[in-house]
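Engineer: Sequence:
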Amino acid sequence: MTREVALELLKQHLHNKNLIKHCLAVEQCMKAMAKKLGGNEETWGLAGLLHDLDYELTEKSPERHTKETIKILQNYELPAEVLQAIQAHAGQVPCQTAMDWAIYSVDPTTGLIIAAALMHPEKKLKAVDLEFLKRRYKEKSFARGAKREEIEKCVNLGLSLDEFLSICLQAMQEIDQELGL
19 MTREVALELL KQHLHNKNLI KHCLAVEQCM KAMAKKLGGN EETWGLAGLL HDLDYELTEK
79 SPERHTKETI KILQNYELPA EVLQAIQAHA GQVPCQTAMD WAIYSVDPTT GLIIAAALMH
139 PEKKLKAVDL EFLKRRYKEK SFARGAKREE IEKCVNLGLS LDEFLSICLQ AMQEIDQELG
199 L
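For any residue, its number in this note's numbering is found by taking its place in the sequence shown, counting from 1, and adding 18.
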């Protein structure tokens, strides 16, 4: 499956523009993680782009999240590792590979970074630095949906929290225009 086909499929199944932007952010962070960890950037990016494909279909039944995605994707040629990672991000299967752990930690991190950008006086991703992000991270009431315990699983990638957050922040800053921030 090409990125173009994946993006078209995403736009067919997701109508919320912010959810599409979230998937773009996860894709970009996953590519950066692949580059850092020696993975295939295109493959890891596809996992990120497609990870929430069924979100609107399953938002009232979270236990079904990713199960519908797997059904949708069965007619496309995708590496098994992409399907595994998509399921792992939602806890449907245990994390086993670096790609699994990356998407598990990247998913909530993108929400944290977006929230930090919106909280920043300039309201721009490029204005956010690691120090600002870490201050927000430490505030328990800030971006509660960005589960810190999931983000901290980045240690399973052999990365410190600072290194992991820096990689994600830089990756998202590279597509700030696409994300509208």
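Simulated from the structure, these hints should not be mistaken for lab results.
Fair warning: there could be bad hints in the mix.
Here are the simulated PhoX-like pairs of lysine-lysine, each with C-alpha atoms no more than 20 Å apart in a straight line [to be verified]: (1) Lys152 x Lys165; (2) Lys53 x Lys35; (3) Lys78 x Lys158; (4) Lys89 x Lys78; (5) Lys35 x Lys156; (6) Lys29 x Lys39; (7) Lys39 x Lys144; (8) Lys54 x Lys165; (9) Lys35 x Lys171; (10) Lys142 x Lys152; (11) Lys78 x Lys35; (12) Lys158 x Lys144; (13) Lys53 x Lys171.
Engineer: Hint compliance check: list the failing hint numbers for this structure, sorted ascending.
Structural biologist: 2, 3, 5, 8, 9, 12
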